[in-house]
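Taken in sequence, the protein lines are chains A and B.
Numbering-wise, the numbering used here puts 83 at position 83 of the first sequence, and it's gapless, one number per residue.
Each number in the numbering used here corresponds to the 1-based position in the second sequence with 95 added.
None of these hints come from the bench; they were simulated from the model.
Careful, some of the hints might be misleading.
[Stated by the list, open to error] Restraint-style ranges between C-beta atoms, simulated for each label pair:
1) A:Gly78 with B:Gly203: 28 to 36 Å
2) A:Lys85 with B:Val113: 29 to 37 Å
3) B:Pro201 with A:Ser77: 41 to 49 Å
4) B:Phe177 with A:Met35: 20 to 28 Å
5) A:Asp34 with B:Gly207: 20 to 28 Å
6) A:Phe16 with B:Pro206: 34 to 42 Å
7) B:Tyr182 with A:Asn32: 20 to 28 Å
8) B:Ser162 with A:Phe14: 45 to 53 Å
[Said to hold, decoys possible] From the derived model, a few chain B residues whose C-beta atoms are all more than 12 Å from chain A:
9) His125
10) Ser142
11) Leu169
12) Met221
13) Ser241
Using N, Cα and C, we set each Cβ at its ideal position, and we do this for glycine too.
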Amino acid sequence: MKKSIAIVAFVVIFAFLVLGVVQMRPFGEPENEDMDDHFLGDSQERHQVNNVVTAVLFDYRGLDTLGEATILFSAVSGVLTVLRKIKDEKEEVED
Amino acid sequence: MNWEMSRVVRTITDILIVPMIIFGIYLVLHGHLTPGGGFQGGAVIASSTALLIVSYGTLGKHKKDLSSIEAVGLTLFILIAFFGIGYTMFYNYLAGTGGIFGGTVPAGPNPGYINTGGTVTLMNLMVGIEVSAALSLILWMMSRESGIMEAKDKGSEGMEVKG
């Protein structure tokens, strides 16, 4: 019973994936090119940045980058909290 | 246990640590011209911290400095983003004004000039400072907890972590 469910699920998911590969558009021919052209021209004209990737990362999607930096900050906070010295332990390194 | 690798490894570390930090700073400062940027350059600088910990077994007593550097980097990042609030947050209010990082970029392919980019360059710098300090701090704490970094009585001259 368990095995038949697994086989059916495998076949269905595999069929979906194959369908996606077959129906994929050819490489280099996206459906909509408006945003690409806008980014490529606008990053040099208005934002004065040569690197379009950096322009997207720090200007168009600046809030996303802020979230990434906040994630790193909270990760450091978590590490500092978990690995802190408790009072009963003997102090090895002066913090 | 006093973890410290042999004199050969320590000498090679002393030689390699300067190019590594300089390469990280280059990646951060040229983020708006070449591939790379704040996150990648900060990771390169933090890898120099890993090299120091592996070869010397200590970083000295710079944990509070690293914490402060990280917090300052993130705060300045948010402040720079917030100063564009007259238009919208993360608005590039420095681009093309002629001030700091306010040079104009000629249209089309060009060799790239460091004095361009506006807030993008400044934010790269702040993110680089934050990421390098944060990853160094994580490495510091985890290596101390794993027992590699037992307390050493003698000081650690010349082994400060550059933010």
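**Q.** Hints not upheld, ascending by number
**A.** 1, 6, 9, 11, 12, 13
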